[in-house]
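Chemist: Protein sequence lines, in the order shown, are assigned to chains V and S. Reminder that position 160 of the first sequence reads as 160 in the numbering used here, one-by-one numbering, no gaps. Reminder that position 276 of the second sequence reads as 1276 in the numbering used here, one-by-one numbering, no gaps.
Wrong hints could be hidden among the right ones.
[To be verified] Simulated coverage check for chain V against chain S, where a stretch passes if three residues somewhere in it have a Cβ under 8 Å from a Cβ of chain S:
#1 51-59
#2 128-136
#3 146-154
#4 170-178
[As the list claims (entries may be wrong)] Listing some non-contacts, in silico: residues in chain S with all C-beta distances to chain V over 10 Å:
#5 1032
#6 1039
#7 1045
#8 1048
#9 1067
#10 1132
#11 1212
#12 1229
#13 1278
#14 1297
#15 1310
#16 1314
#17 1324
[To be verified] Below, a sample of chain V positions facing chain S; criterion: calculated Cβ distance under 7 Å:
#18 109
#19 113
#20 139
#21 140
#22 142
#23 143
#24 158
#25 159
#26 162
#27 165
#28 166
Keep in mind the hints are simulated off the structure, nothing from the lab. This one's a predicted model, so the numbers in the text were calculated from it and none came from an experiment. The C-beta atom is built at its ideal place from N, Cα and C for all residues, glycine as well.
2 protein chains.
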Amino acid sequence: MTERPTVNLDADNQIEESTSPIYSSDLLENEKIHTRINLINEEIKRCLLDEDGEPALLYETARHLILAGGKRLRSLLLVLSCEAVGGTVIDALPFAVATEFVQTASLIHDDVVDEDNMRRGVETTHKKFGGKMAIIAGDLLVALAIKLIGERSTPQLLTYVAAGGIRMCEGEAADLLMSQKKDHSYTTKAALEIIRMKTVSFMVSAAKVGAMLGHANEKQMEALVRYAEMLGYSFQIRDDILDIVATQNGTGKTVLSDLKGSRSNFVLAHAIENCSPDQRKDFAKKLSDGDVDFILERIKEGRSVEYSTEIAREYLESAKRAIQGLNFANEELLTLLADFAMNRLY
Amino acid sequence: MTERPTVNLDADNQIEESTSPIYSSDLLENEKIHTRINLINEEIKRCLLDEDGEPALLYETARHLILAGGKRLRSLLLVLSCEAVGGTVIDALPFAVATEFVQTASLIHDDVVDEDNMRRGVETTHKKFGGKMAIIAGDLLVALAIKLIGERSTPQLLTYVAAGGIRMCEGEAADLLMSQKKDHSYTTKAALEIIRMKTVSFMVSAAKVGAMLGHANEKQMEALVRYAEMLGYSFQIRDDILDIVATQNGTGKTVLSDLKGSRSNFVLAHAIENCSPDQRKDFAKKLSDGDVDFILERIKEGRSVEYSTEIAREYLESAKRAIQGLNFANEELLTLLADFAMNRLY
Chain V
1 MTERPTVNLD ADNQIEESTS PIYSSDLLEN EKIHTRINLI NEEIKRCLLD
51 EDGEPALLYE TARHLILAGG KRLRSLLLVL SCEAVGGTVI DALPFAVATE
101 FVQTASLIHD DVVDEDNMRR GVETTHKKFG GKMAIIAGDL LVALAIKLIG
151 ERSTPQLLTY VAAGGIRMCE GEAADLLMSQ KKDHSYTTKA ALEIIRMKTV
201 SFMVSAAKVG AMLGHANEKQ MEALVRYAEM LGYSFQIRDD ILDIVATQNG
251 TGKTVLSDLK GSRSNFVLAH AIENCSPDQR KDFAKKLSDG DVDFILERIK
301 EGRSVEYSTE IAREYLESAK RAIQGLNFAN EELLTLLADF AMNRLY
Chain S
1001 MTERPTVNLD ADNQIEESTS PIYSSDLLEN EKIHTRINLI NEEIKRCLLD
1051 EDGEPALLYE TARHLILAGG KRLRSLLLVL SCEAVGGTVI DALPFAVATE
1101 FVQTASLIHD DVVDEDNMRR GVETTHKKFG GKMAIIAGDL LVALAIKLIG
1151 ERSTPQLLTY VAAGGIRMCE GEAADLLMSQ KKDHSYTTKA ALEIIRMKTV
1201 SFMVSAAKVG AMLGHANEKQ MEALVRYAEM LGYSFQIRDD ILDIVATQNG
1251 TGKTVLSDLK GSRSNFVLAH AIENCSPDQR KDFAKKLSDG DVDFILERIK
1301 EGRSVEYSTE IAREYLESAK RAIQGLNFAN EELLTLLADF AMNRLY
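Between the sequences and the hints, there should be enough to build the whole structure, so can you do that?
Modeler: Okay, structure coming up:
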């Protein structure tokens, strides 16, 4: 059990988290997880080498972000779900890699949409290679993913994969629309709905595909889907918190990008919800003006980071409960993954 | 047998084509083709109604271009390839619709890349709904296509579909890169290579999928692939000619968009190839300046439209030859499709 991270808001509105050693967020410290992430990374590299076509610059563009690292959380979820019910890493690996390809494609397109400059500690793809090449490279990664899973797929698996993709697009669009009206309708409930569409649905698809590859029975499938759902909420709320507290070096994303930019953020939604009616009227204007001090002051007043941490923690506990008592071979690793989603510093 | 279209270049560089009645380009005049295109269109509408999720604006964005019409050439090729070897329209229909979804997604992303304003006689998707929503809507159409074919697919079919997608992305990227250096290396050979990647490969995938759904034998498959290849070259060179000769109303694309913009064009490549060394040096600058008069003058001098028409015609004849003597049930319709690809006015 890890300690809940504490958040200090100092007078200058610099938000920092305690980094006490008891609060470890490094998933790689676990040998088994380490091995699996290494396998996923090696397979990603192998697939990209296999698929090194022309023009070379297109493939370089497609590789840029995916080889810059990343948590590999979704692919790990897929692998662990497969193993939980008796499948092997090897069964899951091509699908895990495809998941990372699609996830990366979505991030590349996202960054074009958001005009972000930094991601995973490197320049965003469109910033480095131009928006045009970035859009095509994202499409290429999707086509490569279809090729990867196509060779080993079944209709039911593909249906899950497609459903995940559809929900992800819906979430992206909902997020985009919400961002254009951060007003009275922007509540924590609305923010959770966007998280459900944008993050949770893809996590659920990953878990379903993994579970199915391991030939899960109905009860096992249900538990893993519930686990993935709860994990998804916990993970994304933590992401939203990090976007507010972390420095640019920490996350590789521009500090406070959700606030200034066009993305839904649970912490922000809570702060708006807790404003006085007068402040709330101001909020939309202050947001579009990029008045970060005003916004951080509201977040502080509303204790929105603390509240969000509490909520994320509840989801974490639900995730852990979901997988208890099912004799999953790797319950310990699934628990570790959930802890990481919640407690990570990056 | 239709007459070869004649092209008149008048003194004002207004290029017009004769529209003698003997030169019919309306594929819909054939009752059987008409029926098949109607079926495809009805199925597209049905699928889009089935898939009417939230947010509504995302689905409206995804529907915009695909419901604006289009030649449905690739889906028709898929259907006819299936029927040629004894399959039915019904077998082919979900895959035909998926083909149109992917093709439309690619056009939507293309138009974002090219910043074009008009397509199929309507505003481009990004112009109407914004670039951000357009990128997401393109991704959604791909996910919907995967769903459609997923339910009925086999690993081998998916491999063909993925290969088509990969080649299309490669072609897009090659086109983009070539456009940035319309200089000495921009030859008809280079333009044909881009056509091969950008257009031919997707046509081949459509024919392969259709043929496979109809359980083609090896010889039949080979013939239909060859047919699709030749059809693809003929179709795209005709497209390049139309971009130069057609008015905005005719094609729904901005007049001379390839010249001014960032796209490879076979006619243009021929004109550059036939320039004197001095003129060639000027070409890149004149292109980026948008000096349309200079360019049209070179096209006229080089008789580049006439040359391109001749080449497209040769491909057309090769397409027709490819399917002869195989007792395809619908040889007449395949021949008609090839004639249309070459002789169409839109």
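Chemist: Hint by hint, note whether the structure agrees.
Modeler: Outcome of the hint check:
no., hint, verdict
1, 51-59, "holds (count 6)"
2, 128-136, "holds (count 5)"
3, 146-154, "holds (count 7)"
4, 170-178, "holds (count 6)"
5, 1032, "31 Å, holds"
6, 1039, "23 Å, holds"
7, 1045, "18 Å, holds"
8, 1048, "13 Å, holds"
9, 1067, "18 Å, holds"
10, 1132, "4 Å, violated"
11, 1212, "13 Å, holds"
12, 1229, "18 Å, holds"
13, 1278, "30 Å, holds"
14, 1297, "30 Å, holds"
15, 1310, "29 Å, holds"
16, 1314, "26 Å, holds"
17, 1324, "33 Å, holds"
18, 109, "5 Å, holds"
19, 113, "4 Å, holds"
20, 139, "5 Å, holds"
21, 140, "4 Å, holds"
22, 142, "6 Å, holds"
23, 143, "3 Å, holds"
24, 158, "3 Å, holds"
25, 159, "5 Å, holds"
26, 162, "4 Å, holds"
27, 165, "3 Å, holds"
28, 166, "5 Å, holds"
Of the hints listed earlier, the one the structure fails to meet is number 10.
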